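For the record, the sequence lines run as chains A and B. FYI, the numbering used here numbers position 17 of the first sequence as 3, with every residue one higher than the one before it. FYI, the numbering used here numbers position 187 of the second sequence as 173, with every residue one higher than the one before it.
Source of the hints: derived by calculation from the structure; they are not laboratory data. Quantities reported herein were computed from a predicted structural model and do not represent experimental measurements. Careful, some of the hints might be misleading.
Pairs count within a copy or across copies, as identical chains cannot be separated in the list.
[Stated by the list, open to error] PhoX-like, lysine-lysine: derived pairs with alpha carbons at most 20 Å apart:
#, residue 1, residue 2
1, 45, 21
2, 26, 42
3, 119, -8
4, 21, 36
5, 36, 119
6, 119, 10
7, 21, 42
8, 39, 21
9, -8, 2
Spelled out, the chains give:
2 protein chains.
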Amino acid sequence: MNYPSKLIENAVAEFKKLPGIGEKTALRLVLHLLKQDEHKVENFSETMVKLRKEIKECKTCFNLSDDEQCAICTNQLREKQTICVVENIRDIIAIESTGSFRGMYHVLGGVISPINGIGPEELNVSALIERVKQEGTQEVIMAISPTIEGDTTIFYISKMLNGLNINISTIARGVSFGGELEYTDELTLARSISARMPYQNILIK
Amino acid sequence: MNYPSKLIENAVAEFKKLPGIGEKTALRLVLHLLKQDEHKVENFSETMVKLRKEIKECKTCFNLSDDEQCAICTNQLREKQTICVVENIRDIIAIESTGSFRGMYHVLGGVISPINGIGPEELNVSALIERVKQEGTQEVIMAISPTIEGDTTIFYISKMLNGLNINISTIARGVSFGGELEYTDELTLARSISARMPYQNILIK
Chain A
-13 MNYPSKLIEN AVAEFKKLPG IGEKTALRLV LHLLKQDEHK VENFSETMVK LRKEIKECKT
47 CFNLSDDEQC AICTNQLREK QTICVVENIR DIIAIESTGS FRGMYHVLGG VISPINGIGP
107 EELNVSALIE RVKQEGTQEV IMAISPTIEG DTTIFYISKM LNGLNINIST IARGVSFGGE
167 LEYTDELTLA RSISARMPYQ NILIK
Chain B
-13 MNYPSKLIEN AVAEFKKLPG IGEKTALRLV LHLLKQDEHK VENFSETMVK LRKEIKECKT
47 CFNLSDDEQC AICTNQLREK QTICVVENIR DIIAIESTGS FRGMYHVLGG VISPINGIGP
107 EELNVSALIE RVKQEGTQEV IMAISPTIEG DTTIFYISKM LNGLNINIST IARGVSFGGE
167 LEYTDELTLA RSISARMPYQ NILIK
């Protein structure tokens, strides 16, 4: 597209670098910013720079944090003996939004994926093992995507935790609540039947 | 959603203020920025502040511009005697991208819309009339949306230009190129038939 101004062209180019934003959307965002008060645009910009500069990684669980330790790790009311292992911070936000988990987290930073050159060394696995040993953890919940890479990762971690006398569980897999059976994919449905649960388990406690 | 960090929460809130960006998209953009180098995020922010601070309105045509006059108004190769009247700068970008217009523009800043409290005084109409008188314009092309408000605006401006001995035209209305007749709306199709053109006119010159 031909822009009447270099300033607009540059701003559109910057927005276009963001994921999922094409040229037309970028232009719409730029024209929106132009209609705002100057101090609002400054606020917007300062917030982004401050975010990037001041964000830290929690030294315990590798969650993103404002401080050395994240709000979950420093919260004395949470159950320290349960650690939920997740791939990334988005998963923590999703689980926290359900309000149904009161334990701790551990962010792996991804899953084992040889095809992408990601082995256990690239992930925060050894830190997890150390943590489990030191903190006297009783249960490790694997909240990892049910993909081949995810299952490989779960298998690897469970082998590393072997012999430490810890309960290892994964989040339940099966048909979604409110989902219709006829639209559920075959693999999920087949596994839901073979891994059927006692009726009592589906009653919410 | 529950965010683990106030910095992330603030950044998500800022992105959410932009049009068409919801909470999940905002979070995705924030996590993307966090993965970028610090100087890239600074570049992004500086570009936005610079844009907002330094952008000017062209004093001749009200296009957005880096300088007092925009690149189109200062371009000596363009045909000064033809002015294309548009609602906003997006229309200029769209027409310029076609590469088929070599004249000048005039940005109204909207259309007459009594229901939204927008009369001719809120638009750059009197500046257009002045400009036409001073510059010896020969043709005014109305590239205004074919809506009731748009047609009202065209009618008003054409009345104001009355007696100045200027050709007034509007961009052609009818079925889209490549569009299928059966999916064209009834009003467009009915008007396309009553306002049919000589066959020679549709051959591209």
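* Under a CA distance limit of 20 Å, which applies to residue 36 and residue 119: within one copy, between copies, both, or neither? -> Classified as neither; 36 Å inside a copy, 52 Å across copies.
* Please work out whether the CA atoms of residue 21 and residue 36 approach to 20 Å or closer within one copy, between two copies, in both situations, or in neither? => between (24 Å within a copy, 14 Å between copies)
* Homo-oligomer pair classification [residue 2, residue -8; C-alpha up to 20 Å] -> within (15 Å within a copy, 26 Å between copies)
* 20 Å Cα threshold - placement of residue 10 relative to residue 119 -> neither (53 Å within a copy, 36 Å between copies)
* **Within, between, both or neither, where residue 119 and residue -8 count as close if Cα-Cα is 20 Å or less** => Classified as neither: same-chain Cα gap 58 Å, cross-chain 31 Å, threshold 20 Å.
* Asked: Can you tell me if residue 39 and residue 21 fall within 20 Å by alpha carbon in one copy, between copies, both or neither?
  -> The answer is between: 12 Å across copies meets 20 Å, while 28 Å in one copy does not.
* To do: Please work out whether the CA atoms of residue 26 and residue 42 approach to 20 Å or closer within one copy, between two copies, in both situations, or in neither?
  => Result: close only across copies, 18 Å inter versus 26 Å intra.
* Is it within, between, both, or neither for residue 45 and residue 21, if the alpha carbons may be no more than 20 Å apart? -> Between copies only: 18 Å across chains, 42 Å inside a chain, cut-off 20 Å.
* First find the shortest C-alpha distance between residue 21 and residue 42 inside one copy, then the shortest across copies, and answer within, between, both or neither for a cut-off of 20 Å. => between (34 Å within a copy, 12 Å between copies)
Of the numbered hints given earlier, the model fails hints 3, 5, 6; all others are met.
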